[in-house]
Amino acid sequence: MEEKENQHHLFHSHAEDGSHGDHRGHQHQDQHQKKEHFLEIENLAVQYSSSGEIIHAVNDVSLSLDQGKTLALVGETGAGKTTIAKSIMRILPDRGAKITAGDIFMGDKDLLNLSEDEMCKVRGAEIAMIFQDPMTALNPTMRVGDQIAEVIKLHDTITKAEAKKRAIEMLNMVGITAERYDEYPHQFSGGMKQRVVIAMALACTPDLLLADEPTSALDVTIQAQIMEMIDNLRRQHNTAMILITHDMGVVAQVADDVAVIYAGEIVEYGSKAEIFDHPTHPYTVGLFNAIPNLNEDTRRLANIKGLPPDPTDLPKGCCFCTRCQYATNECSRHKAGLERIGQNHYSRCSVHMHHEEAADEQSR
Amino acid sequence: MSNLVEVKNLKKYFSTPRGMLHAVDDVTLSLAAGETMGIVGESGCGKSTLGRTIIHLLNSTDGSVVIDDEEVTQIKGKKNLKKLHEKAQIIFQDPYSSLNPRMTVEETIREPLIISHRYTRSEIKARVNELMEMVGIDERIRGSYPHELDGGRRQRVVIGRALALNPKFIVCDEPVSALDVSIQAQILNLLMDLQDKNGLTYMFITHDMSVVRHISTNISVMYLGQLVETSPTKELFVKPLHPYTKALLSAIPSTDIHSQKKRMILKGELTSPINPKPGCRFATRCPYAGPECSSPQELQELLPGHFTACCKAKEINSL
Amino acid sequence: MTNTIAVTENKAVRKKRSQSQFVMTMNRLKKNKSAMLGLFIFIALIILAILAPYISPYGYAAMKMSEKLQGPSLKHWFGTDELGRDVFSRILYGGRYSLSVGVLATLTGLIFGTIVGSIAGYYGGKVDNIIMRFLDIFQSIPSILLVIVFSAAMGAGFDKTIIALAISMIPDVARQMRASILRVRDEDYIEAADAIGCSTFRQITKYIIPNSFAPLLVWATMSVAGAILTTASLSYIGLGIQPPIPEWGAMLSGAKTYLRTNAYLLIFPGMFIAITVLGLNMFGDGLRDALDPKLKD
Numbered sequence: 001m002e003e004k005e006n007q008h009h010l011f012h013s014h015a016e017d018g019s020h021g022d023h024r025g026h027q028h029q030d031q032h033q034k035k036e037h038f039l040e041i042e043n044l045a046v047q048y049s050s051s052g053e054i055i056h057a058v059n060d061v062s063l064s065l066d067q068g069k070t071l072a073l074v075g076e077t078g079a080g081k082t083t084i085a086k087s088i089m090r091i092l093p094d095r096g097a098k099i100t101a102g103d104i105f106m107g108d109k110d111l112l113n114l115s116e117d118e119m120c121k122v123r124g125a126e127i128a129m130i131f132q133d134p135m136t137a138l139n140p141t142m143r144v145g146d147q148i149a150e151v152i153k154l155h156d157t158i159t160k161a162e163a164k165k166r167a168i169e170m171l172n173m174v175g176i177t178a179e180r181y182d183e184y185p186h187q188f189s190g191g192m193k194q195r196v197v198i199a200m201a202l203a204c205t206p207d208l209l210l211a212d213e214p215t216s217a218l219d220v221t222i223q224a225q226i227m228e229m230i231d232n233l234r235r236q237h238n239t240a241m242i243l244i245t246h247d248m249g250v251v252a253q254v255a256d257d258v259a260v261i262y263a264g265e266i267v268e269y270g271s272k273a274e275i276f277d278h279p280t281h282p283y284t285v286g287l288f289n290a291i292p293n294l295n296e297d298t299r300r301l302a303n304i305k306g307l308p309p310d311p312t313d314l315p316k317g318c319c320f321c322t323r324c325q326y327a328t329n330e331c332s333r334h335k336a337g338l339e340r341i342g343q344n345h346y347s348r349c350s351v352h353m354h355h356e357e358a359a360d361e362q363s364r
Numbered sequence: 001m002s003n004l005v006e007v008k009n010l011k012k013y014f015s016t017p018r019g020m021l022h023a024v025d026d027v028t029l030s031l032a033a034g035e036t037m038g039i040v041g042e043s044g045c046g047k048s049t050l051g052r053t054i055i056h057l058l059n060s061t062d063g064s065v066v067i068d069d070e071e072v073t074q075i076k077g078k079k080n081l082k083k084l085h086e087k088a089q090i091i092f093q094d095p096y097s098s099l100n101p102r103m104t105v106e107e108t109i110r111e112p113l114i115i116s117h118r119y120t121r122s123e124i125k126a127r128v129n130e131l132m133e134m135v136g137i138d139e140r141i142r143g144s145y146p147h148e149l150d151g152g153r154r155q156r157v158v159i160g161r162a163l164a165l166n167p168k169f170i171v172c173d174e175p176v177s178a179l180d181v182s183i184q185a186q187i188l189n190l191l192m193d194l195q196d197k198n199g200l201t202y203m204f205i206t207h208d209m210s211v212v213r214h215i216s217t218n219i220s221v222m223y224l225g226q227l228v229e230t231s232p233t234k235e236l237f238v239k240p241l242h243p244y245t246k247a248l249l250s251a252i253p254s255t256d257i258h259s260q261k262k263r264m265i266l267k268g269e270l271t272s273p274i275n276p277k278p279g280c281r282f283a284t285r286c287p288y289a290g291p292e293c294s295s296p297q298e299l300q301e302l303l304p305g306h307f308t309a310c311c312k313a314k315e316i317n318s319l
Numbered sequence: 001m002t003n004t005i006a007v008t009e010n011k012a013v014r015k016k017r018s019q020s021q022f023v024m025t026m027n028r029l030k031k032n033k034s035a036m037l038g039l040f041i042f043i044a045l046i047i048l049a050i051l052a053p054y055i056s057p058y059g060y061a062a063m064k065m066s067e068k069l070q071g072p073s074l075k076h077w078f079g080t081d082e083l084g085r086d087v088f089s090r091i092l093y094g095g096r097y098s099l100s101v102g103v104l105a106t107l108t109g110l111i112f113g114t115i116v117g118s119i120a121g122y123y124g125g126k127v128d129n130i131i132m133r134f135l136d137i138f139q140s141i142p143s144i145l146l147v148i149v150f151s152a153a154m155g156a157g158f159d160k161t162i163i164a165l166a167i168s169m170i171p172d173v174a175r176q177m178r179a180s181i182l183r184v185r186d187e188d189y190i191e192a193a194d195a196i197g198c199s200t201f202r203q204i205t206k207y208i209i210p211n212s213f214a215p216l217l218v219w220a221t222m223s224v225a226g227a228i229l230t231t232a233s234l235s236y237i238g239l240g241i242q243p244p245i246p247e248w249g250a251m252l253s254g255a256k257t258y259l260r261t262n263a264y265l266l267i268f269p270g271m272f273i274a275i276t277v278l279g280l281n282m283f284g285d286g287l288r289d290a291l292d293p294k295l296k297d
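Residue numbers (our numbering), protein chains in the order written: chain A, 1 to 364; chain B, 1 to 319; chain C, 1 to 297.
None of these hints come from the bench; they were simulated from the model.
Just so you know, not all the hints are guaranteed correct.
[As the list claims (entries may be wrong)] Stretches of chain B that chain C covers, calculated by requiring three or more beta carbons in the stretch to come under 8 Å of a beta carbon on chain C:
id, stretch
1, 85 to 97
2, 111 to 123
[Unchecked claim] Here are the simulated distance ranges between beta carbons:
id, chain 1, residue 1, chain 2, residue 2, range
3, A, S189, B, K197, 41 to 51 Å
4, C, A152, A, S189, 58 to 68 Å
5, A, K305, B, N275, 26 to 36 Å
6, C, A274, A, K98, 35 to 45 Å
7, A, A161, B, E292, 47 to 57 Å
8, B, K78, C, L51, 24 to 34 Å
9, C, K33, B, N80, 34 to 44 Å
10, A, E179, B, F14, 26 to 36 Å
11, C, K126, A, T100, 56 to 66 Å
12, C, A274, A, D182, 34 to 44 Å
13, B, E292, A, K305, 30 to 40 Å
14, C, A61, B, I114, 53 to 63 Å
15, B, S64, A, E179, 43 to 53 Å
All figures in this text were calculated on a predicted structure; none of them were measured in a lab.
We put the beta carbon where it would ideally sit given N, CA and C, even for glycine.
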């Protein structure tokens, strides 16, 4: 039933029973081996400091992603999803944010140990990011076409004319006619602006695309268009994508794997099928229950009582236990590690699953 | 049974340097007491403007609004509006910007009572306590300021303020859109509980189709200022008549991973609501558009209680 | 569309006392050393000014021709001027005039400027236009010239100087207030106030002004400094406040003939003006930083 991780070195549990004594050995080994996956994040921890307090934004997060695949990072505001993305790009604010632990490997690059110059070359060309709000992601004083051309010129040594030509190609690819090259962002609608942002992100055919709520600010009918466009373009170039979103519908549409984040930690991780069909962690279950279902007719929505913990004062044990209906005394004392509970399915809590199984047993 | 709210041919135009913006164009609908009418549509469709115009936060350009048997559009002057404020209130989308940063929770909820000049100090105090309990605000935060509260609590304060004068009708303008999913659920439940307890009537404006399905008895769909379809909730989802409604519903991402439906992707760009041509404004993107669509469309009752403003609706839906 | 708001366990429930934005700003301000130093300097000067009658060794008009033009000594810490008056005492008394002119002029300018700016900002349209064009006329004249014109028209003297200074400040205050109001006017909570039937007056006083006031606080501290300097300039050219009142600028003016022989007569008043302005500026900078939370993170 519960398999502790052995080969899957990526999820380093910190269970106090010391079941992963060889964790250091594994890590040391891996640095000399070829990485199993295209993108590997290991034990990432990020802190923000604000008016004397330390905010533990990301705590011991490990993820992996293969080329051409999409990983959805799901969680609510403040859970740490954007922080993870910004850490990969290394665009966290200099003052006030610090990556305190962990490694990020992409291909053969050790991202956290690159110099700033080297990292600049990586940004835009190998890793690109689509930000949430297209209104503010574009420079209002620069022509739209030029903004795309700029990205191209920064990473390829080509002539201005060549860059312009490729920028126009990108515009066409996102469904904007070449005549609009010389227009300014304020002349575009929200959906069109986001398309420009996508064109900029994909202009240099990056290997990894970080999409931070790319369609949240857009209307539903445009969302559908944009999401499809991102997915098609991505497939053409076999670009891997980390999609940050709180919208389970979008996840269902494009994701291959899903990671659920709560209070800066991954609480559940697995393939899309596993997460949607067999959500295990009580938080994941709660999230699914809180979404009004188009097909069901419930009078009251099941909601998760309470609020997420204060990130400056995280509890010793499970971060979710104060809101969890299955919590036991153990939960508040002991922080569980990510355990493998299925073929491609990990969860930081099996209390719920045991509870369900016990209930099933009883009902038989 | 007469309706609590009757809106007839309501128009709200704004004059802009580029021309007349038809934000709300000839909208007719009605709400019975105790009902929740969902108003859905995408950005720029005029739903927020509609809500604000109905409760006279904006002056209407033309048309009539009758709330609780009283014509509202012609009221002039703040004093005369007092009676209306006691009948109709509004809840805004952004719970931070709709609270005065310099007023505590208690002061905010007290405001409507103080302004009405109809309550004594002790009555006000008692009423504030009552309201705070009704909306689930902890005693301990009565002296807190908005910036110290999370979105959910702020929105409860907003709701408490709206209920202070005991209104019958509340316009809810995207009240949960700015909240996280788990808090959304809390606030939606609260709104529904309050409706049951106090017999409230809601106009629930939103762009989120799953939320609106959950809370509304009837739904009206708007597109670029025009009302294109009105129907009881369940029926709208099962049998949408207007092409835009069909597109809207098809665009909602489904959480069912085993049956990903084929989306109806709309081509073409939006027409401008400034100095619009007569006729259906959706025609430029409609897959069924024809020459008849450029004449003004009338709301027709094609099924019991189910209206739509589309000359081709009968044909498209084989009715 | 607005972004979702982060939600975490509410500290307010755990804390004993709530912090208004005012308190939070004060806390931030307290941590700024140079701002606190500036405030200390200003308050120290005010205390000296208030206690002048008690701590000054001589009266400010007490002449003793036998002791005239003596340099600083144990008997006269700052020396004596051409009429044998003790400079130290005059500086102390002078503080009362210089500082109070600065503060009162700024306060008066603030009050009237706020009223004018609020009306323009709130009502907009024609009213706004008329007021703004009127203010344009005022602002197109260099302010020092404006003050001189008013002063000359009204004559020298303590209260007249205050009025002249205040008038020249009104356009600036009005403009800033109007800009703040234009920004605040579109916020949802103003609309919400409308929805609950809030009167215009109450909206302006309880909703708009409290939320628009912050930029003016910073301006006010800088402005007190400016007013003191301007008063000094006015006195220097024969307007403003005239001898025997020991306003610091007047003292500078009276000392100009002795620049080469008794420089201390210029140095002390000049130094006190400089220290006052420095202190106020340091405090004003700190206040601006404390009010703008983005800077600290």
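Broken hints, by number = 5, 8, 9, 12 and 13
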